[in-house]
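Participant: Sequence:
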Amino acid sequence: MSRRAELRERRHAEIIAAAAAMIADRGFHVTRLEDVGQVVGISGPGLYRYVSGKDDMLAQILVDISVRLVDGARAVMDRSRTEEWAPDRTLRELLSFHVEFAVTEPDRIRVQEREIGNLAPQQREKVRSLQRMYISMWVEALRRSNPDLTEDAARVRVQLAAGLINSSRHVVRWAGADAVRNEAMDMAFRAMDLPKEDDPDISDIARAALGGRPRSADESGEIGEDDGPEAS
Numbered sequence: 001m002s003r004r005a006e007l008r009e010r011r012h013a014e015i016i017a018a019a020a021a022m023i024a025d026r027g028f029h030v031t032r033l034e035d036v037g038q039v040v041g042i043s044g045p046g047l048y049r050y051v052s053g054k055d056d057m058l059a060q061i062l063v064d065i066s067v068r069l070v071d072g073a074r075a076v077m078d079r080s081r082t083e084e085w086a087p088d089r090t091l092r093e094l095l096s097f098h099v100e101f102a103v104t105e106p107d108r109i110r111v112q113e114r115e116i117g118n119l120a121p122q123q124r125e126k127v128r129s130l131q132r133m134y135i136s137m138w139v140e141a142l143r144r145s146n147p148d149l150t151e152d153a154a155r156v157r158v159q160l161a162a163g164l165i166n167s168s169r170h171v172v173r174w175a176g177a178d179a180v181r182n183e184a185m186d187m188a189f190r191a192m193d194l195p196k197e198d199d200p201d202i203s204d205i206a207r208a209a210l211g212g213r214p215r216s217a218d219e220s221g222e223i224g225e226d227d228g229p230e231a232s
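1 is the number of the first residue of the sequence shown in the UniProt record's numbering; add one for each residue after it.
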């Protein structure tokens, strides 16, 4: 990749991250392209080199998160087959991956949960299809770990566990990422009927699947004066 292409890709990632944060905070309908541009230091017209409009910006956020989740889960599943992991380990690695994603990307999780209905039908179906693909890998891993579960029962348990993990976005900023990681892992293991680990932590495999993303300032555990437990 050329230096110019690398800079453009980085700039695009900054725009999408800023848009996700703003939409998570304000909502899609209130967010304006001009506001996103101001955050990243690009004029409104300049943004059109990266997104065709606000609808496209939302689609890019939601398609990106869905593709990254599918790719990460697929990497775990592929490695589990290659290295012949025990079924419980495969399930633990999937949970570990999702917990790390939820803790490091709370804005995108929030946008995914609240704004998918604002996508155009074709984009919405694309995101839904990716979500179904992602969940199906969890279901496969869970049924290998617990063969007595029916397909429907496993899917219900997976959906509930994913929702539990995603709810960490409500507390991560005031509770701190490390505490949320440990609690989310413990609760997710219980939801999947996996034995509790002495020191549940995010594995190196999960971090690698996320590209070794460094922790953000919000993950330091520092609580601002206006931060505190959310009611919702």
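Please note that a few of the clues may not be correct.
[Said to hold, decoys possible] Across the chosen pairs, the derived CB separations fall in these ranges:
id	residue 1	residue 2	range
1	D71	L7	49 to 55 Å
2	R132	S43	38 to 44 Å
3	E183	G41	36 to 42 Å
In short, the hints are calculated from the structure, not lab data. The beta carbon of each residue, even a glycine, is placed where N, CA and C say it ideally should be.
Participant: Starting from the hint 36 to 42 Å, judge whether the C-beta atoms of E183 and G41 obey it.
Facilitator: Holds, since E183 and G41 (Cβ atoms, about 37 Å apart) stay within the stated range.
Participant: Using the C-beta atoms of D71 and L7, is the stated range 49 to 55 Å upheld?
Facilitator: With a Cβ separation near 24 Å, D71 and L7 fall outside 49 to 55 Å, so the hint is violated.
Participant: Regarding R132 and S43, is the given constraint of 38 to 44 Å on their beta-carbon distance met?
Facilitator: This hint holds: roughly 39 Å between Cβ atoms.
In summary, the one numbered hint that this structure violates is 1.
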